[in-house]
Amino acid sequence: MAIGTPTVDRPGRSGHAGRTDRIQGTDTAERPRAQRAKRPRKSIILTAAMGLILIYSLVPLVWLLINATKTQPKLLSSFGLWFSGDFVLWDNIVQTFTYEDGAFGHWLLNTLLYVVVGAGGATILATLAGYGLARFNFPGKKAIFAIILGAVAIPGTALAVPTFLMFSSLGLTNGPWAVIIPSLISPFGLYLIWTYAMESVPVELLEAARVDGAGEIRIFFTIALRLLMPGFVTVLLFTVVATWNNYFLPLIMLSDSTWFPLTVGLNHWSAQAVSAGGQPIYNLVITGSLLTIVPIVVAFLLMQRYWQSGLTAGSVKG
Amino acid sequence: MTASTLDAAVRRSPVPNPSAARRRKNRRRFIGWGFLAPFLVVFVFALAAPIVYAIYLSFFQDRLVGGNVFAGFDNYVAAFQDPKFYSALGRVVLFFFVQVPIMLALSLFAALALDSARLRWPALFRITLFLPYAVPSVVAALMWGFIYGTDFGLVGNLNSFFGLSIPDPLSSNLVLAAMGNIATWAFLGYNMLIMYSALRTVPKELYEAADIDGAGAFQVIRAIKLPALRSAFVVALIFSVIGSFQLFNEPNVLRTLAPNTIATNFTPNMYAYNLSFAGQQFNYAAAIAIVMGIITMIVAYVVQTVGVRKEDR
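These protein sequence lines map, in sequence, to chains A and B.
So the first sequence is residues 390 to 707, counted in my numbering.
So the second sequence is residues 4 to 316, counted in my numbering.
Nothing false has been slipped in among the hints.
Beta-carbon label-pair distances, calculated as ranges:
id	chain 1	residue 1	chain 2	residue 2	range
1	B	65	A	538	33 to 43 Å
2	B	58	A	431	56 to 66 Å
3	B	105	A	431	19 to 29 Å
4	B	226	A	539	34 to 44 Å
To give a feel for the contact side, a few chain B residues facing chain A, derived at Cβ under 7 Å:
id	residue
5	38
6	57
7	121
8	128
9	138
10	146
11	157
12	252
13	272
If you are wondering where the hints come from, they were derived from the structure by calculation, not from laboratory data.
Computed from a prediction, not measured in an experiment: that's the story for all the values here.
A virtual CB, placed ideally from N, CA and C, is assigned to each residue, including glycine.
The shape of chain A in the complex, shown without the other chains (with noise of 0.2 Å):
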């Protein structure tokens, strides 16, 4: 996603010192510290203390990958934290997509639906409605932006029940809609979206285009959302992963399997073992959870700059 990402040479905001300017709003998050040279002192210490929490970190992500490679009986006799002799995770990945005449490559295909047009969507409408908010004055302009930042602060979960209830009051439950109507919304990604247009979009550029005969949605299109894209990357993979561990909100709306994502699909599978006379099929449960976060955890490492500078933004909000 990356790929293609302009960069930007935002004017009034130089390199910082001996440094090429990143592309997004925290470069200042990079800069290398004097202190650094001074004291190259290592703590052991500290070091170990930390290590204890990265262990602590790791071990059930181990544990999951471990056990994702026994067989269901295996995974009752064997030591958890080590391999049982009989490597089958080959046979538990095919077992887990076709369980159930392919369930789980149907949830799969349901949570990429879910992502593609709810966090799509949400980034879109947030891009335009940051950037309206930032460059635009129009009457009521102050109170829709209160409005919206008071949103913010609603939790998501709190919405859950309510939406629920008015969905199912308007035939909308039970039905891919009600869960990506509501991801359609990030009030949080608005903000982020609005912080970065009032930081890198000039207004001098958009009234020179303006000037030269530019219509307002060419403008959008070609200058602005270019100096937006690494903020509109960063909300993309805020949204995407808000919709990819979605589980409160379509948990209440599907009642019956075939619109489930990957999250409700995988709690369906580990009731159905404790149920009276449900055949206990964990392996496929942990295998299945380890298909889940792989792509996720992969989106993560590939774009961890992104994350940073969406958590800076985060933490300038208070």
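Put chain B on the given structure of chain A with help from the hints.
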């Protein structure tokens, strides 16, 4: 677009026409609305309307005699007299006061360590500690739920291999702590990065000045670093308020593994969810959801005001 042809026309005329310029300006007054409109339409439909509808629902009651009738504040009065609601609320308050300080202390420590320049392989630590945040909370709860299992989980393994007797983390005494551990695991690195990002914005001249003054590492932390990350800390705290008071995913997932220790009213959100599904008590569920939304916002607001006020001092 007509705006562009108009702009072009204005530009072509050698002497700017004042009335055309004013018309253009008038038109531009509303262009901002055009950019905002798609967002606002969905905002009203998916965010504002549900809240209004839930408030409306919360003032009605389904009665055996008379059907659906206006009930004033009856649902709210019932909520504040409902022991099930109080036990749910008490649990998330306890969760907030125990889990959040532990998690934020660890995050703060990790952020200071990352920023200290005395840590080896800081990039490795930064990325790895943040990684659990990418794991969906359902998967995190499933994974930890299996690990907690006393028969095939890691806890069971440790007990049988080393002859230990670690008590069942999913027993009723420990299950809240078990959830606290999952939340700490998931959000430690996220909060660490929020604080670390704030630390990186401290101008290096401050450190140089402290160095000249002969300040030690702990003095630098107290006088420069802690004040610098206060607003980031407040943000992390507000996210934690929301996370605690709106706790749902972890208990609901662990419930499939420990149905007897996690009741349907374990947290207020679970209570509202189960009221609307198992009980079909939509009006009461709406009232509970609104009460919890208001409580969450009040606590978040108090945290923010206190945090900001201290900053001014």
